[in-house]
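Asks: Assemble chains B, C, D and E with the ligands onto chain A, guided by the hints.
Chains as they are written, first to last, in the numbering used here: chain A, 1 to 368; chain B, 1 to 332; chain C, 1 to 334; chain D, 1 to 535; chain E, 1 to 307.
FYI, nobody ran anything at the bench for these hints, they're computed from the structure.
There may be inaccurate statements among the hints.
Below, simulated PhoX-like cross-link-like pairs (lysine-lysine); rule was C-alpha separation at most 20 Å, straight line [to be verified]:
no., chain 1, residue 1, chain 2, residue 2
1, C, K124, B, K82
2, D, K112, C, K53
3, D, K302, D, K276
4, E, K209, A, K91
5, D, K112, C, K47
6, A, K153, A, K135
7, D, K240, D, K346
8, C, K53, D, K137
9, D, K359, D, K389
10, E, K28, B, K16
11, A, K340, B, K82
12, E, K208, A, K85
13, D, K89, D, K182
14, A, K153, E, K28
15, D, K78, D, K57
16, A, K91, E, K208
17, E, K208, A, K128
18, A, K25, A, K41
19, E, K209, A, K85
20, D, K112, D, K142
21, B, K60, C, K124
22, D, K137, C, K47
23, B, K16, C, K124
24, D, K307, D, K352
25, B, K133, A, K340
26, C, K47, D, K132
Going by beta-carbon spacing under 10 Å, a handful of chain D positions derived as facing chain C [stated by the list, open to error]:
no., residue
27, G27
28, Y231
29, E364
30, P412
The following residues of chain E were derived to be distant from chain A, with all beta-carbon distances above 12 Å [to be verified]:
no., residue
31, A24
32, R31
33, A40
34, P54
35, P82
Please read all numbers here as calculations on a predicted model, not as lab measurements.
From the three backbone atoms N, C-alpha and C, an ideal C-beta is built for every residue, glycine too.
Now for the letters of each chain:
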Amino acid sequence: MSETLVSVQDMKVHFPIKRGVFFDKTVGYVYAVDGVDLEIKRGETYGLVGESGCGKSTLGRAMLRLNEPTAGKMVFDGQDFSALKGEDLRKMRRRIQMVFQDPLSSLDPRQSVESILIEGLRAHGMDKSKEETNKRLRELLSAVGLPHTSLRKYPHEFSGGQRQRIGIARALALEPDLIVADEPVSALDVSVQAQVVNLMEELQQQFGLTYLVIAHDLAVVKHISDRVGVMYLGGLVEEAASEDLYEEPLHPYTRALLSAIPVPDPVVEDRRERILLAGDLPSPANPPTGCRFHTRCPWKQASRCDTERPVLRELKPGHKVACHYAEQIRSGEIQPHEVKPILIEEGDGLTPDVPLVGPASVTEALNP
Amino acid sequence: MALLEVRDLTVVFQRKGEEPFRAVDGVSFDVEPGQTVGLVGESGCGKSVTSLAIMGLLPKRGAKITGTVSYDGTDLLKLSDKEMRDRRGRDLGMVFQDPLSSLNPVVPIGLQVTEVLERHRGLARKEAMIEAKDLLDKVGIPDPNRRLKEYPHQLSGGMRQRALIAIALACRPKLLIADEPTTALDVTIQAQILSLMKELVQDLGTALVMITHDLGVVAGLCDEVNVLYGGKVVEKAMRHPLFAEPRHPYTHGLLASIPRLDAARHDKLTPIKGSVADNIPWTSACAFAPRCPNALDICRTETPAEEDQLGRLLRCHNPVVPGTPAAEEVSV
Amino acid sequence: MLRYTIRRLIQLVGVVLVLSLLLFSWMRLLPGGPVSALLGDRSTPEKAAELTKQLGLDQPIFIQYFKFLGRAATGDFGVSTGVQPGDSALDIFLQRFPATIELSFFAIIIAIAVGVPLGYLAAKRRGGWFDNFSVIGSLIGVAVPVFFLAYVLKDAASVGLGLPSQGRQGDINATRVTGFFTLDGILTGEFDATLDALEHLILPSIALATIPFAVIFRITRAAVLDVLDEDFVRTAESKGLTASVIRRRHVLRNAMLPVVTTIGLQTGALLSGAVLTEKVFSIPGVGQALAIGFERRDYPVLLLLIIMATIVYVVVNLLVDLSYALIDPRIRTR
Amino acid sequence: LSGCAQSQRDSGGGGQQGGTLTFGAAGAPKLFDPFYATDGETFRVARQMYEGLVGFKPGTAEVEPALADKYEPSADGKTWTFTLKENVKFHDGTAFNAEAVCFNFERWYNQKGAGQSDAVSQYWLDNFGGFKGTPDKPSLYKSCTAKDAKTAVIELNEVTSQFPSVLGFTSFSISSPEALKKYDADNVQAAGDAFTFPAYANEHPTGTGPFKFGKYDKANNTVELVRNDDYHGSKAKLDKIVFKIIPDETARKQALKAGDIDGYDLPNAADWAGLKSDGFNVAIRPAFNVFYVGINQKNNPKLADLKVRQALMYAINREQLVKSQLPEGAKVATQFMPDTVNGYNKSITEVKYDLDKAKSLLAEAGASDLTLKFYWPSEVTRPYMPSPKDLFGAISGDLQKAGIKIDVVTKPWNGGYLTDVDQGIPDLFLLGWTGDNGTAHNWVGTFFGRTDNRFNTGVSAWGNSLKDDLAKANSEPDEAKRTALYEEINKKIMDQYLPAIPISHSPPALVLKSDIKGVVPSPLTDEKFGPASKG
Amino acid sequence: MALGVSKKEKIDGLADSAGVSLAASAWKRLRRSPVFITGAVIIGIFIVISLLSPWLAPHSPSEPMLIDQVVKARNEIPPAQPGHPLGGDLQGRDFFSRLLVGSQQTLIVGVGATLIGLTGGLILGTLAGAIGGWVDSAVMRLVDVMLSLPSLLLAFSIAAMFARPSQFTVILAVAIVQIPVFARLLRGSMLAQRHSDHVLAATALGVKKGAIVFRHMLPNSLSPVIVQSTLVLATAIIEAAALSFLGLGNPDDRLPEWGQMLGDVQNVFDTHPHLAAWPAVCIIIVALGFTLMGETLREALDPKNRR
Ligand SMILES: Nc1ncnc2c1ncn2[C@@H]1O[C@H](COP(=O)(O)OP(=O)(O)OP(=O)(O)O)[C@@H](O)[C@H]1O
Ligand SMILES: Nc1ncnc2c1ncn2[C@@H]1O[C@H](COP(=O)(O)OP(=O)(O)OP(=O)(O)O)[C@@H](O)[C@H]1O
Ligand SMILES: [Mg+2]
Ligand SMILES: [Mg+2]
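Bound conformation, chain A alone (with noise of 0.2 Å):
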């Protein structure tokens, strides 16, 4: 058994913006993530942040061939995940695994608690026997702590911590190897939250599992995770194991994330030297040339930020970081200097065609 779990391969989701007179053509993309590798261990929290947009989810949704992915693969312990068709595809579903955002939303509102566990079993050949699968319910609503009286009620019927638990049960009922979280706790209550990011971390230790976490909140990620990786617009522009990271930030976005974040904590805010960052996130559908950043970067350098995109590389062990320049910026050579902000055109990204005509009758003109 090798001890990496996960590896992807140079993956590229692109999404096709159409127009066109008649028919669609497709005039560009929407270029959510370009170009990532990276590998999960065998048992590791493997975290992923990032501003809003810059293609977290869509990375992982690819990974699970929820999205296709345009370029890239996934090898899954040793097996080319992304080359996967039809039956073989649907049975290594088992393995890998999905919590998502919303726990509302993730859940069939018409679904039972006992129904929504019990739907995977089925689809996987798992449900053998009556008692069995009772039995096996049972044990998957202690693992997450609900009581076992949920199995007859509705998602709406619980808490918005309640239904997280709800959906990891369902996740783990298949017994996966792998499992991604999507900003699991993001939506939750901050006094929530905790109850869930603790839940998570003793299923880790009790099923062994591999989690890769996806989150825009930095402080979560460092807590739950081994290792982080730092997406900006499509790529990963840094990965270390979590303290190496929030000690020694290598990539100029990296600091700048760290030093916004708010800490609850007056003694440290009051002597917290803040890089701010000018201008917003360009749009993933025309991202700078050159490095990613380098419209932002406030230790950008002529012409080399500008052309050429860093590749991630290997500064420290286990310590990558994608900039030219990581060295002398860590070590003071290039200083910090004044960024002007530039604009970013919101808008024309992804527009529905407008139907043809609008409603076609009385009622469905009153029902806007």
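Replies: Leaving out everything else, chains B, C, D and E with the ligands in the frame of chain A:
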């Protein structure tokens, strides 16, 4: 005298066929000129309702407001609709949570800025435009002349929030209420906006009421912090003592349950058990009692009174003794 | 914008072709049709067969269709067999179109003039008796069959109010210039003719306006309710703006967006309703021609009028969408 | 009835001069050339502008001289000599004479291409047969010779009872040869699914009648005729007639009440009383039609049994039907023609409603569980059939009482009904006939003159003999003998054949404002507005 | 609003933690809504009457028992009399019985048209929404063509194109018009479902595609369709009446339908208004009942109104 004195502010929502609902329950706080006061608490604890009550923006029907909100000595709650209109935007500014939906999508940014200038400063459109340009410049919007003509959807999230701030500050109000101004934004943008607000408030000497659920934001910004739970202030203190020694079990629990960036990995988090849905009404108990690790019997039978304890206000029968670690997690 | 317009126009051509092919072939498959219309009750099987051959109705349908398209390209859409037997279908359409436009125009004006303010007030007083009353009223408006209402209006109002119970038959005492009864009088300075024409339009346009009114009212109400809940209205309030600026600039300007779309869609209801209203008030418009065409199975006229109705409907909606884009910057900049 | 007509004619004499009569028409005239006309709305307009060699006496179906002062048949009945009126001018000022008459006959006979179509020259085809150069379709017409300016001789190939009364049909009105030539009158084209007509038919109708063509205002849906001041007879009193097209019957009624029009045709029988009490003149025409329940013997062999057909007749309560559903003045029909037609047999007794008899006849025929496919037409009203649905309701109700099961089929008149009836698909159907002229041949001859008719009389042996009898009667030149032959045929039809069940003759009406005088209701709907006056 | 101005999702889990499902809370609100109750009561009574009408009707609706009192020539029809509370119609049939029986036929037309429209729409909408790709495009182009014609005009045209009009053709004409409406509605919510998290979750679980469509997507897309059906019932009845008015209705009036009764008497509207008024009022009340129910249902199920 404080600039804003909120005393016993209570908002009761009465809907047909439903129990009356006390969204805000006897909240009192003061804001001095130039001071920043934070209101924190989880979703639904009454932060927004408080701010809307101060601004007189709650619906006339269905919401019963009692208490006093005195601004510069006048009770805002007693003002007529017309008088309140004259004050809003001039004396009191407000910034809302969602910058996209808070801007009118079919009116150019410029007009949305100038209309408030025209209204309160009596400027003509032309003069107002010049002033608006300066304002946008001040809040850090590049190329303001062009932006004035654009519509909200053409701006990015951060720019929109800057525009909203420009609108709120256009008439140099003495009091600015910011209701979660950064919640919808990414961290790097959030940092920009927070530092902008800090700067502006300092420059203009504006008093700021900062509403947020993010304790981190409060820690860096506010002078005084009010922690709300179920519509009541459960703990009120200056920020240093509050974060150093949270006394109310709720404050304490909150701080213990948030992962900290500067904490070591695998420091176990200590969540608060249950969820806000487990609230019980304040009428004859402590609303937090069902979730409270320190709960005593009295907590379920008697509403705790607000007590002044060493410069902080506390509403608890059994406060946390400083220095105790957070209680162990109890399974739900 | 231009690209969008062209795209829609091309789509329109496609729709018209498909629709005309469908209608044409279906009509040809039906019994009766031109032969039985021409021969009437004196027809015999031989006569019918001979005439069928003479008219080329025995050829395969697609050949007939292409011939039809060829003739249509020269403006010949066939000859009426029932509405105005012997007249060219195109003439019938052209003669009658102004009357229908006029009627629909007044109807939609009434619907807008009453529906929008009422909708705004109802939304403002949500849940109050005025709101409930007008909502139920609008629902009744939808539930009443148009033609029944037309009859009632015609009988009741013409007796009670002395209003003319008929549409203008065409004997307006003014020189015809445009074909629009109301306009011609103004153009030629014969204002009493215009007044007379207007008087004749009152009842029919009220009858025709009910459904668009109900829809516009409800959409306005819903849109205003939606907008009143929007954050930007709260922002506007927080700026201390006057109530009238908030109403005009912030509430109505946004609420009008769905209303404008709806007005476009009401062309459909108007065209359908005109069939019924014009029949009841015997207004010599396209609607009446359609009604008679349906009754007498005048296929050439039906084919043309239905296609024209489609074109009008789609074009009006296109115009509405374009004007929508003019008032909604979110679309304009696309 | 005739008394009523009489009084009208009298009152017509003293009317005022001038004014405009506005008449509500149900439809637009297709064209104005009467030769190509086939429908009543067109004829109504053409009739005011044209005259034929002969005409019909106002208020009757009797032939009287018109443009011809006199006419004489030869002994064998095949050569007819017409002596023409003199000093008659067409509207274009050209002279009416024998040349013009022969020009018209030759024009009719020489139709080419689309002009030969059934849908175009229907009246010619029905009454004169084929054209020049159609050997498979022989023509009744042989030649026309202008002996001198006032004498035209017309030769026929055969003898028919119809001649010369057919010449009274508006279709065979005499047009100005000059105008015909100038406006390319014969240039009819089949275009797509219809025909297009030349300028003569559309804009330049030129006859000799008391009114001239004014204009057809398509925008306003009106046709305007103006007085012909050079009319050879007594000149029209009205300045103008305006035909205003109001397709909706209720709308016509209201237009009349509102004073927008002075009269309209075919008011709904249910409105007669109301209109009268409102002071309008409801002019009831003599009933010159027959309404019958057609029986098709082809599909159901039971129907070939006379007893079954008689049972049907006994089962229908015709008296009740006439009373409840038909307008004032309607009568139960004893045979297939009204009593004003020569050949009507007075001795045929009316069969009374007798349910028991019907049942027993059915039982005798072994047809007690008869199921019949009964057709009725939707979307139509005819003078003989004012409300097909209600009539059908009553008749089918009666038949059901006699134990006959009905399979109801409805099709639009022009959307399958006539086609199906022609193709013999129904067992029973509602139909009728409005006479064109007073000859018996126009009635029974039309119905049963062939064996592959709508009743499929050829199925029974008597079908052929009936056909032969009819042909014989038609070619009998002697009027008295001919009448006797027809009377006999009528008797046989009713007693021995019963190919269909005659139900009723119902009078159509015409409503006019009371100040309109001089319009004589005609059984042939041949009302002339020439003598009419207003006020 | 047509152009979804997407509000950023609120970052809180509490808005929905009230612990009540949409349906349950909707029902709670509906039970208290006088408008809904009015609608429901109307419809309840209507359905009961129409189901029982063959037994409730004192006479046969098709027997011209009062024919001897009909005199068309004098425009006389049987007046109200003992045993015939509303008198007779133009053919001497008992008007009251016809009205009662009419309720049944009206129900048949309404329900028939709605069901056919619904089925057609469900098939098209499911195909388009579940399969996507060119199937979706093809179906939607078809829907576009149908929607390019004003609805009632489409119904008129379809009805005029049947060689032999009957109750069925009326139902079909009205139903076909509704197909694109249902199809679009269903496709819209199916598409939304397709990208929803719980469908993704099911896919990730390895549930088969068919099962996802029929167990998750379809059931969750139905509620707008059901609401629409209620409203369509009302329109169907009114549109059927309009067809009759134009002479495109069912010509066989032995078993009457209200719209047909109304359409048939247009010529005597001024002299015997009650012949038109009774069926018209019935139609208005029933259509109003369905509309009240549909509108309140729609409002109740609208998540916006949930608080
Ligand atoms: N189905 C899709 N079609 C087209 N573009 C898409 C699609 N899904 C996502 N995108 C675009 O891809 C980019 C990355 O989206 P993604 O959801 O992966 O971001 P994210 O990092 O998860 O952000 P968030 O923190 O907001 O969840 C965004 O710009 C988004 O608009
Ligand atoms: N107009 C209203 N009618 C009835 N109840 C209301 C109304 N507005 C707010 N509430 C209720 O009052 C309570 C407090 O709401 P408020 O918006 O102040 O919460 P908050 O603390 O601002 O939460 P969040 O973090 O979600 O903004 C909530 O339970 C809410 O449901
Ligand atoms: Mg995401
Ligand atoms: Mg809030």
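Asks: None of the hints should be skipped; say for each whether it holds.
Replies: Status of each hint after checking the structure:
1. A hinted pair counts as satisfied when its Cα atoms are at most 20 Å apart, and C:K124 with B:K82 qualifies at roughly 18 Å.
2. Pair hint D:K112 plus C:K53 holds up; C-alpha atoms about 16 Å apart against a cutoff of 20 Å.
3. Of the supplied pair hints, the one linking D:K302 and D:K276 is violated, its CA atoms being roughly 47 Å apart against a limit of 20 Å.
4. Restraint check for E:K209 and A:K91: the C-alpha separation of about 13 Å stays at or below 20 Å, so the hint holds.
5. A distance of roughly 17 Å separates the Cα atoms of D:K112 and C:K47; the hinted pair therefore holds under the 20 Å criterion.
6. Between A:K153 and A:K135 the alpha-carbon distance is near 18 Å, which keeps this suggested pair within the 20 Å criterion.
7. Of the pairs offered as hints, the one joining D:K240 and D:K346 is violated, with about 44 Å between alpha carbons and a cut-off of 20 Å exceeded.
8. For the suggested pair C:K53 and D:K137, the alpha carbons sit about 17 Å apart, so the restraint of at most 20 Å is met.
9. As the CA atoms of D:K359 and D:K389 are separated by approximately 25 Å, the hinted pair breaks the 20 Å bound.
10. A C-alpha spacing of about 13 Å is found between E:K28 and B:K16, which places the hinted pair at or below 20 Å, so the restraint holds.
11. Distance restraint check for A:K340 and B:K82: the Cα-Cα separation of roughly 44 Å exceeds the 20 Å cut-off, and the hinted pair is therefore not satisfied.
12. With a C-alpha separation of about 13 Å, the suggested pairing of E:K208 with A:K85 holds against the 20 Å cut-off.
13. A C-alpha spacing of about 17 Å is found between D:K89 and D:K182, which places the hinted pair at or below 20 Å, so the restraint holds.
14. Straight-line distance between C-alpha atoms of A:K153 and E:K28 comes to about 19 Å, which keeps the hinted pair within the 20 Å bound.
15. A C-alpha spacing of about 24 Å is found between D:K78 and D:K57, which places the hinted pair above 20 Å, so the restraint is violated.
16. Simply put, A:K91 and E:K208 have alpha-carbon atoms about 10 Å apart, close enough for the 20 Å limit, and the pair holds.
17. A C-alpha spacing of about 18 Å is found between E:K208 and A:K128, which places the hinted pair at or below 20 Å, so the restraint holds.
18. Pair hint A:K25 plus A:K41 does not hold up; C-alpha atoms about 41 Å apart against a cutoff of 20 Å.
19. Between E:K209 and A:K85, the direct Cα distance comes to roughly 13 Å. Compliance with the 20 Å bound is thereby established for this hinted pair.
20. Proximity of D:K112 to D:K142 is assessed by CA-CA distance (about 17 Å); at most 20 Å being required, the pair is judged to hold.
21. Between B:K60 and C:K124 the CA atoms are separated by roughly 12 Å; this keeps the pair inside 20 Å, and the hint holds.
22. Proposed proximity of D:K137 and C:K47 is supported: the alpha carbons are some 12 Å apart, at most 20 Å.
23. For a cut-off of 20 Å, the pair hint linking B:K16 to C:K124 stands: about 18 Å separates their Cα positions.
24. About 16 Å separates the Cα atoms of D:K307 and D:K352, which keeps this hinted pair within 20 Å; it holds.
25. Between B:K133 and A:K340 the alpha-carbon distance is near 18 Å, which keeps this suggested pair within the 20 Å criterion.
26. For the given pair, C:K47 sits about 18 Å from D:K132 by alpha-carbon distance, which is consistent with the 20 Å threshold.
27. The interface hint given for D:G27 is met, as the beta carbon of that residue sits about 7 Å from the closest beta carbon of chain C, less than 10 Å.
28. Here the hint on D:Y231 is broken, as its CB sits about 27 Å from the closest CB of chain C, past 10 Å.
29. At about 35 Å, the closest approach between the beta carbon of D:E364 and any beta carbon in chain C exceeds 10 Å, and the interface hint on this residue is violated.
30. A distance limit of 10 Å between C-beta atoms decides the matter here; for D:P412 the minimum to chain C is near 5 Å, and the interface restraint holds.
31. E:A24, annotated as away from the interface, has a beta carbon of chain A within 12 Å; the closest lies near 8 Å.
32. Separation of E:R31 from chain A is adequate, the least Cβ-Cβ distance of about 18 Å exceeding the 12 Å criterion.
33. At roughly 18 Å from the closest C-beta of chain A, the C-beta of E:A40 stays outside 12 Å, upholding its exclusion from the interface.
34. Distance check for E:P54 against chain A: the nearest CB is about 31 Å away, which clears 12 Å, and the non-interface claim stands.
35. Consistency note on E:P82: stated as away from chain A, and its beta-carbon is indeed over 12 Å from all of that chain's, at 43 Å minimum.
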